[in-house]
Amino acid sequence: SQQGEEDPQALSIQEGENATMNCSYKTSINNLQWYRQNSGRGLVHLILIRSNEREKHSGRLRVTLDTSKKSSSLLITASRAADTASYFCATDTLSGNTPLVFGKGTRLSVIA
Amino acid sequence: ETGVTQTPRHLVMGMTNKKSLKCEQHLGHNAMYWYKQSAKKPLELMFVYSLEERVENNSVPSRFSPECPNSSHLFLHLHTLQPEDSALYLCASSQDRDSWAGELFFGEGSRLTVL
Chain Z
1 SQQGEEDPQA
11 LSIQEGENAT
21 MNCSYKTSIN
31 NLQWYRQNSG
41 RGLVHLILIR
51 SNEREKHSGR
61 LRVTLDTSKK
71 SSSLLITASR
81 AADTASYFCA
91 TDTLSGNTPL
101 VFGKGTRLSV
111 IA
Chain L
1 ETGVTQTPRH
11 LVMGMTNKKS
21 LKCEQHLGHN
31 AMYWYKQSAK
41 KPLELMFVYS
51 LEERVENNSV
61 PSRFSPECPN
71 SSHLFLHLHT
81 LQPEDSALYL
91 CASSQDRDSW
101 AGELFFGEGS
111 RLTVL
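From first to last, the protein sequence lines stand for chains Z and L.
1 is the number of the first residue of the first sequence in the working numbering; add one for each residue after it.
1 is the number of the first residue of the second sequence in the working numbering; add one for each residue after it.
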């Protein structure tokens, strides 16, 4: 399937440390998106990276995309307790005619 | 506040009840979605509407019945549900159905518990 898979499933770090989450997918894409979800709430879009981009930054977020390996990573620098949430990657398809497919997510816990 | 409002936020119902979930978007988007989120499973797309026309139905059981009376409102009618239907139901919208690759705006979800 097209489904992205995040790794690790859960991550626990101390405040101030960096957090890295990975996403792998199976077929070619136009773009990949990362979303965040606080417990029991809706998903919030963080960043979109296109297939012709290798790296993108937004504040303390850094996303990389390696289309040859069909993988992406999300780096959160100088983490804060408020970054505690689940993070999901979502991919489209090269044909662009299917909705986004989400992975199971990485549960990040930032301990103060 | 994302511009997508879902009600109710929590719902408990018996298997013989009939209830509805409501979603309203204030973003002027043309596409609206229902997703189901169960524990330890990926987000599952249930229905997609574009300009009030259903364009995607991922083999969802008929006990879930969507309705999209206009581009701003989306309902999910529920009847004779099963306990395994207990989940967080998320509504989302996007600018245009043709832009599948675009950003989705989610509501806060409706937590459904079926007894």
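Read the hints as simulated data drawn from the structure, not as lab findings.
Here a beta-carbon is modelled for each residue, glycine too, at the ideal position from N, C-alpha and C.
Worth double-checking, as some hints may not be accurate.
[What the hints assert, rightly or not] Cross-link-like lysine to any residue pairs, in silico, SDA-like; alpha carbons within 25 Å at most:
| hint | chain 1 | residue 1 | chain 2 | residue 2 |
| --- | --- | --- | --- | --- |
| 1 | L | Lys40 | L | Gln95 |
| 2 | L | Lys41 | Z | Ala85 |
| 3 | Z | Lys26 | L | Lys41 |
| 4 | Z | Lys104 | Z | Ser68 |
| 5 | L | Lys41 | L | Val55 |
| 6 | Z | Lys26 | Z | His45 |
| 7 | L | Lys40 | L | Ser72 |
| 8 | L | Lys41 | Z | Ser58 |
| 9 | Z | Lys104 | L | Asn58 |
| 10 | Z | Lys26 | L | Leu45 |
| 11 | L | Lys40 | Z | Ser68 |
[To be verified] Residues of chain L clear of chain Z, computed beta-carbon distances all greater than 10 Å:
| hint | residue |
| --- | --- |
| 12 | Gln6 |
| 13 | Met13 |
| 14 | Asn17 |
| 15 | Leu43 |
| 16 | Glu56 |
| 17 | Pro61 |
| 18 | Phe64 |
| 19 | Pro66 |
| 20 | Asn70 |
| 21 | Ala92 |
| 22 | Gln95 |
| 23 | Gly107 |
Evaluated hints:
1. L:Lys40 / L:Gln95: 29 Å, violated
2. L:Lys41 / Z:Ala85: The hint holds at about 16 Å.
3. Z:Lys26 / L:Lys41: Given that 25 Å is the threshold and the Cα spacing comes to 18 Å, the pair holds.
4. Z:Lys104 / Z:Ser68: Distance of about 22 Å is within 25 Å: holds.
5. L:Lys41 / L:Val55: Roughly 24 Å separates the two Cα atoms, so the pair holds.
6. Z:Lys26 / Z:His45: 22 Å, holds
7. L:Lys40 / L:Ser72: 31 Å, violated
8. L:Lys41 / Z:Ser58: 28 Å, violated
9. Z:Lys104 / L:Asn58: Answer holds: Lys104 (chain Z) to Asn58 (chain L) is near 18 Å, not above 25 Å.
10. Z:Lys26 / L:Leu45: 18 Å, holds
11. L:Lys40 / Z:Ser68: 29 Å, violated
12. Gln6: 8 Å, violated
13. Met13: 18 Å, holds
14. Asn17: Per Cβ check, Asn17 (chain L) is outside 10 Å of chain Z; nearest 22 Å; holds.
15. Leu43: The claim is violated: Leu43 (chain L) sits with its nearest Cβ about 4 Å from chain Z, within 10 Å.
16. Glu56: At roughly 6 Å from the nearest Cβ of chain Z, Glu56 (chain L) sits no farther out than 10 Å, so the non-interface label is violated.
17. Pro61: 19 Å, holds
18. Phe64: The assertion about Phe64 (chain L) holds, with a minimum of 17 Å to chain Z.
19. Pro66: 14 Å, holds
20. Asn70: 21 Å, holds
21. Ala92: 8 Å, violated
22. Gln95: 12 Å, holds
23. Gly107: 5 Å, violated
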